[in-house]
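Using the hints, build the complex out of the two chains.
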Amino acid sequence: MLCTVKIDGRTLEVPPGTTILEAARLAGVDIPTLCYLPGRAPLTSCFVCVVKLTDPQGRRQIVPACAFPITGNIEVVSGDEEVAALRRRALELLLGHHIGDCVAPCQLACPLRCNIPQILQYAREKRWAEALTLLRHNVGLAGVVAFTCSAPCEKACRRSQWDEGVATRAVFERLLIWESHASPGIKLVDETRTGKRVYIVGATLTGISAGWHLRKLGHDVHILEALPGRGELMARLFTEFLPVTNHQAQKEQLLAALKQDWHAIVASGVVVEWGHELPPNQPPESLLAMADAVLLACGQTARRLAESWGLPLAEELLEVDAKTFQTRLPAIFAAGSAVRGSLAPVRAIAEGQQVARAIDRYLKEISVTEAKSEFIFRAGKLSHEELAVLAARASSGPVLSRMPPPVGRAPSLEEIMAEVGEEASRCFRCACSAAESCKLRQLAARYGADPRRYASLRPPLTEVAQEGEVVYEPGKCIVCGRCVSVTEEWQEIPGITFVGRGFEVRVESPFGKSFSESLGVLADLCVRVCPTGALRRAQDCSAASAASASSSSG
Amino acid sequence: MRWSGLTSKEIPAPACELSPSQQDWEFIKQAVAQVGDGPEAVIPVLQAIHARYHYLPRWALEFVCQLTQASPARVWGVATFYSQFRLRPLGRHRIQVCHGTACYSGGAKLVQQALEHHLGLAPGEDTDAERLFTVEKVACLGCCSLAPVIRIDDVTYGHLTPAQVPKLLKDFLKRHRDHVVQEPDPPSYTPPESCGELRVGLDSCCRAQGHDKIFRSIVELVRRRELPVGIKRVGCPGLCHQAPTIEVVTSGKRIFYVGVTPRTAARVATEYFPQRRWWRRVVSRASRWLKNWLGEETYPPSPLVVRAGDGLSFLSRQIRIATEFSGELDPLDLEEYKRRGGFAALHRALFELSPAEIIGEVFASGLRGRGGAGFPTGQKWALVARQHRQPKFVICNGDEGDPGAFMDRTILESFPFRVIEGMAIAAVATGCHQGFFYIRAEYPLAVLRIRQALEICRQAGLVGSNILGSSFSLDISLREGAGAFVCGEETALIASLEGKRGHPRFRPPYPAESGYHGQPTLINNVETLACVPWILRHGAEAFAAIGTATSKGTKVFALAGKVRRTGLIEVPMGITLREIVEELGGGVPEGRTLKAVQIGGPSGGCLPAQLMDLSVDYDSLAQAGAIMGSGGLVVFDNTDCMVDVARYFLQFTQSQSCGKCTFCRLGTRRMLEILEATCQGQAKRQDLQELEELARAVQQGSLCGLGKTAPNPVLSTLRYFRDEYEAHLVGQCPALRCKALIRYVISERCVGCTLCAQYCPARCIALTPYRRHRIEDAECTRCDTCRQVCPVAAVEVLTG
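Residue numbers (our numbering), protein chains in the order written: chain A, 542 to 1095; chain B, 729 to 1528.
Treat the hints with caution; some may be incorrect.
What the hints assert, rightly or not - Here are some of the chain A residues that sit facing chain B, going by a computed Cβ distance under 7 Å: (1) Ile603; (2) Val1040; (3) Phe1044; (4) Val1046; (5) Leu1063.
Unchecked claim - Straight-line distance between alpha carbons at most 30 Å, and here's what the computed DSS-like set of lysine-lysine pairs gives: (6) B:Lys895 / B:Lys865; (7) B:Lys1436 / A:Lys980; (8) B:Lys757 / A:Lys1054; (9) A:Lys922 / B:Lys1412; (10) A:Lys593 / A:Lys696.
Don't read these hints as lab results, they were simulated from the structure.
This one's a predicted model, so the numbers in the text were calculated from it and none came from an experiment.
Ideal Cβ positions, reconstructed from N, Cα and C, are used throughout, including at glycine.
Bound conformation, chain B alone (with noise of 0.2 Å):
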């Protein structure tokens, strides 16, 4: 075996088709007691049986449509349509590999390429001999200021590269078999006395940088010394370039510490709160003064930035509404949540404003939807009011599905009682009496905090019947998308609600006349959700304040690609491109220059430099070819090539597509097949041209919003860099980054130093010492690897 380091004694039996028992038969006969037998209960039985086996046995697919309503070719049809359904036996730990547009760009491609490799899969194949591992590519995993991400079981690994691949799975292996059991959530830590509390951000993606590792630690340190303060989990602090992070909270002050270590914290957690009794500080006193006597380590750590260092423009020009008390809060804690002004709109909604009164509250607001397509929210809420139909539903769309866009799943894990709140607002607005969290299943945390959360808000009767004592109910309930970009579509979203593929329907019917089982209903996505409480408790006037004419308010942004500072935002509308690229994201590195910022992942487009003045609202950008989207911005560089850009966001549309209309299924994959031929240097002029039609004809024959902006990027990039096109179909490609097109030669400067040759994986470089190398172009496969190790940059790349 590969990874070695494990005798086959350690190997786990494969999961097979194994004959099916009492046990599993029984298991599956209480998964549809539980859910229900309806067939919109399929979805979530089926996803029980998957997270028991890692894959749905065909005998119990068979057992579902004999216990369900729903028939075979339901129970088929779905399983075969949700990309988190396997109908083969799953290797023992499932492996995903993030292709979002970060960890695209940032050699995903070369990861997966490694894991396969390393595993000796064969060709078609995702799981290794011994079913030890299984390798899935997955649309995006939401942590993409971590790119390249991957994921095994529960474990998000982040920042890889190719070569750590072989340590990175002997870990895994290790601490699977050392039965490290970790709590998934960890809760925070109250000492019995303390004079200041720590804060470490627990989000999905912090965790995956090892807050959850200084989190333990600290805790474990603080109870063993009795130091008298509280570690606090907290939500995102939003400062994804500088993690791992930790705030130190004592009398009034705050300080920040970024790029933390589990030493560095601890040392931070003594310093500032040094233990009660005198012996133990005379005993650490000593031992720190004796380390530093022997030169070990310095001590204490200066604090890297404080609030008003480097980090000062990236925090002073965001306000904080969606995302307000970023960083302070522990998402759980309903009473903190309360203390900071939480639940208070909903109680003023309750009591002191009629149902209309709160949606002329929210249309003078000037909320537009946070989803992407920008429709007013107070506008949507007074049709679904004005039906009368009982009875009504409120869905709060959590299936965030974008590459590249981690705003909703960083809102839900950090926020869950705020929207819990909107939603709850919402209800009453509009007259609902059931509502849904429809939440994408690549975001366990975020589903995990907001069962929690539902379940504290329902014990203190803020969800469920008579809340908070008045005469209005509102049960809520959350369902896990199955792994279908579609499904963020709306009509798509009712369809996987009611247990059926997730195909988009024709609109109108709105879903506000006619949604979930033909009954009225309210879509919102959670950042639209979010902002609602604020404008209840600080009124209309204070958030139409903010914003331009047409765009109100603020917009969370996930910042990320070649900025120095990625993170997520929130800024008010109307800011310009610039102003968020230079002086939230402080510009592209060093020594590159700005080529486009790609606003609205796959279904926006590519706006060039020149256009960086634009300001930041739905019209605005879509005059420039551009949508709002839901909120993923990312940075290209002078090393991007906008065909391979335009060619990776169709790539990813088209695989998403649900293959209802003709346009999107067949007319995308005939785009993306002139976009790859492009790229490889072999398409013609005319190629061009059809492409830019078909993407026109594709524009107006699509049902949903997938189909309609699927050519966006395309267009945009046609648009504004027609010249990189122009160039690829002479053969060359200018941000040399199309393999095709491009070679590598190593030029006299070479001092036949031979790295270059110790480190070409394809062994394409002779090793000639002392003198100049050369590069045998036919065996090079591109890897740049000879690139970053010469140290003399005697290695060239040219076009052409």
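Excised from the complex, chain A in its bound form (with noise of 0.2 Å):
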């Protein structure tokens, strides 16, 4: 005999035993879930699942979904305000007995949205191209950056609370130096392409940079520039843009990385149309003739296009949609200086990266409301107890300086990057492994869920790393039990269990033991199992992907 479920309206037929949460997924209904493990006994612990239900005789109850057997014809409900409510609050209570970072504060500080903690991870490895490459896709200028930063990253630093900060730009410096002897081979930008065009008018660093990330997401771009010739144009970045220092040497050091950023922007394909001047009387549908979008990316030709064109100016500003960037005109795009007069040469790269994302997501026809919110967890102020958590995870040697301007013999390429690997080495890794894969981030980001709420709840930073490969963070463990249900049948390792009770209830591996030597063969399915990153390999620190920096700042 077969149980007739309806579902948040859908109504269907299921044998008996069959749980709620089965039926839902062959209703095609999403209700979500943390420590639900498909083929084992229900845990019921994170009560993310819960469902309203009305059963035959009417009753109404709230049910975990993953654990209740339908037995009679039931009515369930799972998408309206006061399951969400519950659920926000279940996750606002996880988030509360929660610690970490889901992105490193030093990328959260970048206007770029810089991957740093990666790129210092491939530079611990000493894997030079992966590291190059991951600074050239988040920065396109990355020369320019390096050089004109005022590096928040390195004040935010984790490292910076203990006692310096990782220095990032010297990272960067040396990398590009390393791309500078060993530029050839190194493919920076696959080709698929949209068959979309993009025209950038002027070649700002808005503009260059706008281009060189509209040219990585696939599209062709052409940037249209007054000036005859490179020699002009890198004279003309120099001079309005980047800091005049006295030194001579300095001075030469920045219009080489300049050089090297264009050079590297342009081998990617990015198409320049030198001593392009657009007419004032030119209409916008004959630019949009030739391309499917046009981003104004130059102060002065943008007013004047825009007083032709009948666009409304303020303060000899152009007006933009806040998120989109679009102006009154439909496909017509503005950014940098010509929407907010002058710029740090950071701030306008930044603009240029994130002019490029709403420009592609205008393309692909993405709209805004659809580019999923973010949600980041912040670890806030850590104690000195806990910062030395994390200080034992990195080393503890000198910051790197800065590279000095060359003065005599030049440093064989091998001296400079052996230091390189040394600086990355210093990082407190404080991003969590499982920034992309982790569920609560994505439930709590599904529900809105408020991470301050329950702040006093706050467990401390700790971190459980013996010997072997596996590491226990308790502050991030919602204690699902997930992991430790996966090794209860197995009576060949010692196994891992809850001990405690109540609110200081944790994972423990029995005896002092390492969680390696006690997890044995399920080492990795344990760390595969575990809903966020409380228990990870060793080596998988700080692996937030470039995906993670970008949608947040877009």
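Listed below in structure tokens is the structure:
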């Protein structure tokens, strides 16, 4: 005999004994779970799968969908606000008793959201090509940035609370030196193309940056520049944007970096049309006949065009939508000095990155609201003891200083790069290894959970890292029991267990053994089933990918 | 050393982590051999180890992993879950400080502080430097009428004040040094010829009030003088507020003496049962006359209460079913139990009724589970009977953990045969052939009596194969709980029996379908089973005639708190709270007003004085926001702060949560934080809203009864005593209870007698003879001592 189940208005028939969760999945209703492990007895610990149930007798109750076996005709509500509120509260409680950074503070502080932790990770492993590719992907004008950025990343660095932050710029500079020595053979952009074309008016820093990112996203990019050639452009950028230094040698370094950036960008396939001065009476339609979108990145030209096109100007600046960078004309975008006047170089470059993403969304017809909101848990201020936990992950060498201007014999590439690996291993690796896969984070974003609501429950940041490969961070553990459950049936290994009771309950390896020893062959499986980053491999640290950084700023 | 009186020679060697000898290995091997090596044997094996070493040594745990099928993770998880187990060596003696409801309101915290101070314990340490005493907090020792209570090893001390602590430790050490080895449960004394008997209640709380001393002294006297009287050990007489009591039964008369001491008891014995030899009588008359003449003492003592006196309403309103023959039966005298109709019901169940008829009878009686939720017992039995998979199990849930409740302990201690009979009938009706008693380890006497009673029954053919010569077999074994309130929940109890951490699991499936080891299992509460024999003897109609439409029969309550008469009562369902509090309890003490009745312990609610006419039955209580619960009934008066009460209960459930589910683990913690802030006067209005919302979320989002009901004390106080919460928001505690919100001042009534200054332990009152004294508020610890000692009531407590 089949039971009729109505879930959020969808009706289906299931054999008795089917759980509500299984039925919902059959019906295509997405019920969130944290502790549920398919094929195992339900753990019913997280309570984010709660649903409202009306049984055949008409009684209403709230039950965990993962465990409730259907034995009669029932009606289930999973999608209303009451259920969402309860799920949100469960998530908020879990987040209250949680400590760690989803995304490293350096990355959050960076106007370009550069994935610094991952670059440092590659540098630690001396994988220079990967490090450099990621750097260029995140920051097209990496050379300019390395020289001009005020480095909020270094100030925000967790290590700066301990001794001195990781010298990000010093690492980037040396990576760029490595690039200048080993440039051929590094492919920065793959060849998949969308077939869409974007015109960028003005090779400003914003324009170049936007061009690079649009190219990276697979679009054809044409930069229309009034100046006749590269030399003139370099001179203009150098005087207009870059701080004038008195030191001749530094000026030369800077110019060299700018040229190196330009080279990398042009090599990626961005087309520059030199001496292309747009006539003031050029109608927008004629531009859009040739391109799918137009970005006005040069202040002067933009103003001229705006006047002739009848776009409103406020104090000489164009008005655009704050999120989409769109002007009142369709497919015409504006950014950088056209919108904000003069900007610090890093800000100008960051604006290029943002507008590129906005144009990309426009071209791919993704609405702003569809772009998913991201959830970022921040650890906030850490105590000295907690910083010591992080410090134990890093080496304690001296800070790497910026590249001195070349004097006398230039050091060999090997000498330069040797120090980079060491500096990179000063990184505390505070970003969560599971930032991308974390189910808690995904659900927190989905239900709009407020991580500060129960902040008083905050646990201390600790780490159980004995010899062996598996590291346990109690502060990230939501005590769901998935890892404990998968080890329970295996007699061959000592297994891990809950210890303590109530609020103090945590997962522990018995008799002070290391997690690796207790988990044995199941180590990988346990790390995989952990819904957060509480269990991880010792080498998996700060693997927050470029994607996470990019979506947050868009 | 602070407790002086002992030289260091007498102090035993500290129990430290010794390297195990061959003997130790052998001991553990034996323990495993006795209990078994299956995973479910972990808890009993660890208990055996714990009993020997007073903690669980690391080497022993590792050895257990080798000897049994339990994985290291299992052993470690269990060892760290139950509060009975310690992983650090214990001092020579273990002091358990009860923090049950009655003890808490009676000042358990102050007693604990005094102990810690006296033993010089560093913060975070529980054992003194000499490793003589270890001080532990315990949820409830079930001696609520003696509050506050502590237990040192096996000796229970009641009615404590902090000032008694030094003397008490000295007394204990002296007894220990003198090797006063006492029989744990002395049997009744029967002389060759007797013309009556003296009954002395010997349950754990009676003993803590000195009944065992009295018992031993009269037995000694009667033996020595060859008095013609039997001294009978009986179960709980129920008059805790008047203990120690003895009852004289002679030539059909029953006379009660209350407030007895060993001396008065001796005199009562010699008065009613004079010696047979004439010359001895002359000698004793002469000595009595001499004493009277010298004015040493008057003789004979008058009976302070006879059955027709003050205790009348206390006793006459009661109907005894589960506690039938209360105070009359020797708990372990099978013959007497049979003479009074015992095991007749089992006989009927085995030979006269079919299982379906038994269930029908229980169903018709309207008996509902007495553990708290009130599920109809007959229906539960029918569910199990319907299952055809064997083996099926029957479990008696004796894990009564509610602070403030001791009904189940008393029933187990006083009427072990009745519970066994009830369980056997349940087994016959449902077709179970294996049974378990699961009893809290904090109830050593209950464990002992049930163990002995089971042995007696086994020998009498009442338990085992072919019961009473029938074809029915039932084997019953006993398991001790290991200190976890949550194990009172049936699925957690089963997990514990299986040798796991006591984590509840989701129901359905209910244990009736899938319980112990996945087999059909019937779990009934002690009191429920104790009602069953009566129902089969008197018929379902007789039982159903008592009570209300939906709640039949009687309910046993542990009446405690601010009433004149406390004790164990059994009353018909449907009685009003007012009748219980005023007629049975004698009302609140002089000069106080009734504020609330807390019913159902940490899962229940606080009902205000205006609801006193509420009928005590499952449905009315649930509607009012409380529950029947297992039967704790604590009365509060105007000196009790309801916010503090809510905080106390939540602190209890929060510490007893198994920690599995999000809402219970974290939500109750946050609720507790808010309540603590409220008691400190630091909460804001939105905190109260958060508290209420969170309480509802915890109710909805919890798996087991513990979590679902944990917010009840908070919600019910918010519902009925919101004004008190509001007062705390503006820094006032109307009951003058919350220390952060009150201050002590001395009014102009002060005559300058200096008593307060002499007694103040914080030395915050300057000694100014003949002048008005002043309290240095910053130093004052709000210990209330000055107010208690002031002869002219000049010390006032202010709030706000």
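Worksheet item: Which earlier hints turn out false for this structure, listed by number in ascending order?
Response: Hint check: 5, 10 fail, others pass.
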